[in-house]
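> Residue numbering for the sequence shown follows our numbering, starting at 4 and increasing by one per position.
Worth flagging that the hints you see were computed from the coordinates, not collected in a lab. Idealized CB from N, CA, C, for every residue including glycine. Watch out, some of these pointers could steer you wrong.
In the BS3-like style, the derived pairs of lysine-lysine whose C-alpha atoms are separated by at most 25 Å in a straight line are [what the hints assert, rightly or not]:
1) Lys-30 with Lys-196
2) Lys-30 with Lys-112
3) Lys-112 with Lys-5
Between beta-carbon pairs, the in silico distance windows are [to be verified]:
4) Gln-179 with Val-156: 18 to 26 Å
5) Asn-138 with Asp-197: 25 to 33 Å
6) Lys-112 with Asp-158: 25 to 33 Å
7) Leu-60 with Thr-218: 32 to 40 Å
8) Trp-36 with Ala-154: 19 to 27 Å
9) Lys-196 with Lys-112: 17 to 25 Å
10) Thr-230 with Asp-39: 21 to 29 Å
11) Pro-213 with Lys-80: 31 to 39 Å
12) Asn-18 with Asp-158: 34 to 42 Å
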Amino acid sequence: MKSVIITFPGTNRENDMSMAIERASGKKPTLTWYTDKEIPDVDLIVIPGGFSYGDYLRSGAMAARSPAMQTVAENSKKGVPVLGVCNGFQILTEAGLLPGALIRNSGLKFICKNVNIRVEQTNTIFTSKYFVGQNLSIPVAHNDGNYFAEAAVLDELENQNRVIFRYVDSLGAANQAGNPNGSARNIAGISNKDKNVLGFMPHPENATDPRLGSTDGQSLFESLMDTVS
């Protein structure tokens, strides 16, 4: 399986992501710079976390207009899987590959902790190794993770089964207590209509090594390997 990780000024999770992919696939991803207008023929494109361009203007706004993102958009239309994590999710919304926006956390503070995530859909290339309703423990680390969209967009996401992950409490209930950042309808991850593009605010790459705690993120990468390898 050939994969590529796109990096920007301010990206800081590319190495964590690379190790997680290599752990699942046995193959090290290629790192490419945001100025690259061409991406080699690959099976997976990943936009990792960090603070691209220092989050100036808005989180992900400047990175979304980079040459590499034009190529990402073209590849996504061809069906190439695209995974955007944290800042990557923000970039995907700013680039128009996913609807809505990630705005300032409702508590107006940076959040860095493990949260509970419920799997909502398993009929995607990212979640086939999970089961619906599975409660995961995965860390978040963000200042602008509050997912926002108009009611009509939220209804469309729900009706088309494009809400892939949701914040929940320890018992698996999607309520205010389990919502760390104020995200509309406790949304933690969504897909595009073709379900080959996933934006996910938590960091699954940091939940793959048993020495560090939870390994609940590992199944996301194993799901991808089953599909694209």
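> Next step is simple, just say for each hint if it's right about the structure.
Going through the hints against the structure:
1. Lys-30 with Lys-196: Judged against 25 Å, a Cα distance of about 29 Å means the pair is violated.
2. Lys-30 with Lys-112: Status violated; Cα separation ~37 Å.
3. Lys-112 with Lys-5: 37 Å, violated
4. Gln-179 with Val-156: 18 to 26 Å: 21 Å, holds
5. Asn-138 with Asp-197: 25 to 33 Å: 27 Å, holds
6. Lys-112 with Asp-158: 25 to 33 Å: Check passed, 30 Å falls within 25 to 33 Å.
7. Leu-60 with Thr-218: 32 to 40 Å: 36 Å, holds
8. Trp-36 with Ala-154: 19 to 27 Å: Violated, since Trp-36 and Ala-154 (Cβ atoms, about 39 Å apart) do not stay within the stated range.
9. Lys-196 with Lys-112: 17 to 25 Å: 34 Å, violated
10. Thr-230 with Asp-39: 21 to 29 Å: 25 Å, holds
11. Pro-213 with Lys-80: 31 to 39 Å: Once the Cβ atoms are compared, 38 Å apart, the range 31 to 39 Å for Lys-80 and Pro-213 holds.
12. Asn-18 with Asp-158: 34 to 42 Å: 39 Å, holds
Checked against the numbered hints listed earlier, the structure breaks hints 1, 2, 3, 8 and 9; every other hint is satisfied.
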